[in-house]
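Chain order of the listed sequences is S, C and D.
Just so you know, the first sequence maps onto residues 1 to 337 in this note's numbering.
Just so you know, the second sequence maps onto residues 1 to 95 in this note's numbering.
Just so you know, the third sequence maps onto residues 1 to 264 in this note's numbering.
FYI, nobody ran anything at the bench for these hints, they're computed from the structure.
C-beta atoms are modelled at their ideal positions from N, C-alpha and C, and glycine is treated no differently.
Honestly, I wouldn't trust all of these hints.
[Claimed, not checked] Pairs of lysine-lysine, BS3-like flavour, derived with a Cα cap of 27 Å:
1. S/K173 / S/K244
2. S/K289 / S/K123
3. S/K36 / C/K22
4. S/K173 / S/K36
5. C/K78 / S/K36
6. C/K78 / C/K93
7. D/K141 / S/K80
8. S/K123 / S/K244
9. S/K80 / S/K173
10. S/K123 / S/K173
11. S/K173 / C/K22
[What the hints assert, rightly or not] Just the calculated beta-carbon pair ranges, DEER-fashion:
12. D/T225 / S/A336: 28 to 38 Å
13. D/P102 / C/I60: 40 to 50 Å
14. D/V240 / S/G277: 55 to 65 Å
15. C/H21 / D/E221: 29 to 39 Å
16. S/A17 / C/D77: 25 to 35 Å
17. S/K80 / D/A198: 29 to 39 Å
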Amino acid sequence: MYTQALDTHGKEPAAGAAERDAHATRFQARVDAEEKIEPKDWMPEAYRQTLIRQISQHAHSEIVGMLPEGNWITRAPTLKRKAVLIAKVQDEGGHGMYLYSAAETLGISRAQMLEQLLSGAAKYSSIFNYPTLTWADVGAIGWLVDGAAIMNQIPICRCSYGPYARAMVRICKEESFHQRQGFEIMLTLTQGSRAQRAMAQDALNRWWWPSLMMFGPSDADSKHTAQSMRWKIKRFSNDELRQKFIDITVPQAHFLGLTIPDNELHWDEATQHYRVGPIDWSEFYAVLKGNGPCNRERLEARQRAHESGRWVREAAAAHAERARNRSHVAKVAGEAA
Amino acid sequence: MSETDWPLFEVFIRSRSGLEHKHVGSLHAADARMAIEHARDVYTRRQEGVSLWVVRSADIIASDPEEADALFEPARDKVYRHPTFYAIPDEVKNL
Amino acid sequence: MSATNASSETGVQAQEEARCQYVLRLADTSLVLGQRLAEWIGHAPALEEDLALANLSLDLIGQARLLLGYAGELEGRGRNEDALAFLRDAPEFMNLALAEQPNGDFGNTIVRQWLIDAWQLEIYGALAHSTDTRLAAIAAKAIRETRYHYRFSSGWLVRLGDGTAESHERVQRALDALWRFTPELFEPDEIDQRMSRAGIAPALPELAAQWSARVERDLSEATLTRPATGPYPWHGKRGVHTEHLGHLLGEMQHLQRTYPGACW
Numbered sequence: 001m002y003t004q005a006l007d008t009h010g011k012e013p014a015a016g017a018a019e020r021d022a023h024a025t026r027f028q029a030r031v032d033a034e035e036k037i038e039p040k041d042w043m044p045e046a047y048r049q050t051l052i053r054q055i056s057q058h059a060h061s062e063i064v065g066m067l068p069e070g071n072w073i074t075r076a077p078t079l080k081r082k083a084v085l086i087a088k089v090q091d092e093g094g095h096g097m098y099l100y101s102a103a104e105t106l107g108i109s110r111a112q113m114l115e116q117l118l119s120g121a122a123k124y125s126s127i128f129n130y131p132t133l134t135w136a137d138v139g140a141i142g143w144l145v146d147g148a149a150i151m152n153q154i155p156i157c158r159c160s161y162g163p164y165a166r167a168m169v170r171i172c173k174e175e176s177f178h179q180r181q182g183f184e185i186m187l188t189l190t191q192g193s194r195a196q197r198a199m200a201q202d203a204l205n206r207w208w209w210p211s212l213m214m215f216g217p218s219d220a221d222s223k224h225t226a227q228s229m230r231w232k233i234k235r236f237s238n239d240e241l242r243q244k245f246i247d248i249t250v251p252q253a254h255f256l257g258l259t260i261p262d263n264e265l266h267w268d269e270a271t272q273h274y275r276v277g278p279i280d281w282s283e284f285y286a287v288l289k290g291n292g293p294c295n296r297e298r299l300e301a302r303q304r305a306h307e308s309g310r311w312v313r314e315a316a317a318a319h320a321e322r323a324r325n326r327s328h329v330a331k332v333a334g335e336a337a
Numbered sequence: 001m002s003e004t005d006w007p008l009f010e011v012f013i014r015s016r017s018g019l020e021h022k023h024v025g026s027l028h029a030a031d032a033r034m035a036i037e038h039a040r041d042v043y044t045r046r047q048e049g050v051s052l053w054v055v056r057s058a059d060i061i062a063s064d065p066e067e068a069d070a071l072f073e074p075a076r077d078k079v080y081r082h083p084t085f086y087a088i089p090d091e092v093k094n095l
Numbered sequence: 001m002s003a004t005n006a007s008s009e010t011g012v013q014a015q016e017e018a019r020c021q022y023v024l025r026l027a028d029t030s031l032v033l034g035q036r037l038a039e040w041i042g043h044a045p046a047l048e049e050d051l052a053l054a055n056l057s058l059d060l061i062g063q064a065r066l067l068l069g070y071a072g073e074l075e076g077r078g079r080n081e082d083a084l085a086f087l088r089d090a091p092e093f094m095n096l097a098l099a100e101q102p103n104g105d106f107g108n109t110i111v112r113q114w115l116i117d118a119w120q121l122e123i124y125g126a127l128a129h130s131t132d133t134r135l136a137a138i139a140a141k142a143i144r145e146t147r148y149h150y151r152f153s154s155g156w157l158v159r160l161g162d163g164t165a166e167s168h169e170r171v172q173r174a175l176d177a178l179w180r181f182t183p184e185l186f187e188p189d190e191i192d193q194r195m196s197r198a199g200i201a202p203a204l205p206e207l208a209a210q211w212s213a214r215v216e217r218d219l220s221e222a223t224l225t226r227p228a229t230g231p232y233p234w235h236g237k238r239g240v241h242t243e244h245l246g247h248l249l250g251e252m253q254h255l256q257r258t259y260p261g262a263c264w
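Just chain S, with the same shape it has in the complex (with noise of 0.2 Å):
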């Protein structure tokens, strides 16, 4: 069905120009109609070249999201706390899984996808690239940035493609609790003692500027918008995303009692939303580039990973094919029997 079965992907066939435009044109209609593309209809090449990037590149989020935190599971502070961190990090490599199953129904294969992301090639979400100092950065990438992931998650939920939308639906299900749990702990650490307080700010005073950075900058500077829009794959703008998140996010500092890192921060009366200072996106362009604090060791640990796991993961081949071998060598046996 995705990949080997029918030769043709829906891919553009080779025809006339007349002929491709009327399949645009009804391609488009479809999307505007809201009805979803699925793996075998036709669609242009570019649409199908966006999705496999942004889908692939989402999926290469999650598994590298799996590193910062898993940082902490072994030195969680209680046995519940170690628990809830692993059922979290486990969901995050679903969230991969289901991804990859996405990206592959339009003709890219995990084996692919994986060679981009371990070669370097492949982008992956900037905020992973820092590090997990201390406890308190669990608690303030479950807050900001699953819930500026969420922000991002839930529009696509609605997009044009069909496995990518119910992979979507899928992962927001999912995706609630991790939210919820990171807020907890910061609420836990900002009722307790001096240390934990003081940890919890630090740790905001960390994550705060890269969970803005999370949601790309201005789409006045991004080519793909447009199109993206037009697609259906995009359903809101980056600054439009930010500030929701921006909005939502202000007061749940202040409940935990929390400064936000930055001094031009204040409640726009007129447009009654919360105005931020400048965001330093050069430090963005950095990180994106492989600059970061753990771009470095982010790929490292995934190379190595897959590396030491070579001879597994032929062991298992290997022992299949025989297998299957042993299996036919008996069927055949007992039929000339």
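Given chain S, put chains C and D in place with the hints provided.
For chains C and D alone, coordinates are given in the frame of chain S:
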């Protein structure tokens, strides 16, 4: 099968007795036994199932969307297959 | 107080202490093994195995929490699951020495897991009929998890043992290294004997034969050679551990030790 290419399997779950198996996604596994375990680990963490099917993706035969017209359109105008097509007087019961 | 009353009181007390120790042994084995598996998360050979190992870890930590909670009640000193997990030092831990062995490569982890899964199958299977109803309930829940764990670990044992030349060599080496910790699994000591006389726990020698037969079958299918059994100087059950446990606890207990009395 190369080490990076454990075959792709499609996963179907029956969430409750009485319902059909529904397609939920795909995963990679080296063999059938592993495929069931992976399906269980990935797709049933929240008690979403009482039964699992895994099928090699390559074994699934799908209808060609190019033929969707010929396959599915003819059924559209055969409205007499639907009960609402028939006008039965209200006084007649049990029909 | 008459002489008979006094001795029966200390008799009852000794019995209750033994029961508490017995439960702690089960709890600590699950906790330490769960902690070891958690180290794999994010570093497994395939994404699907990250999820599988996380699942095993979660199950084992869940078992540990139930058992530690019970042990704390039996002890009667007001220690809950976290006090027991995070504030005891290595000599007070009662886990099997096998559980605390480092992960090594995936093959080593699988061999360690499979040996303990096969052990838990026997132990929990028997404990489900314990005269201690609390323990029986915990075991009845745990055995279902263990059946799945065993399916996972034995499946991998066979794939790796009967996979490639490299995988076979790695797993045989792991087996040779870990086998020396297996005598502790079924060697009964005074606490085991007290528990089995009271109908609380099974008699270990009976279970040993079943475990051995299962292990034999799996090794044969995996084309692996059973190592020779030698003497063993480790008695994790009695708090005499290998050097590994101290480091594991150092990492696990760090936050609670650094911020005494804090709520998390």
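* Honestly, which of those hints from before does the structure not fit? -> none
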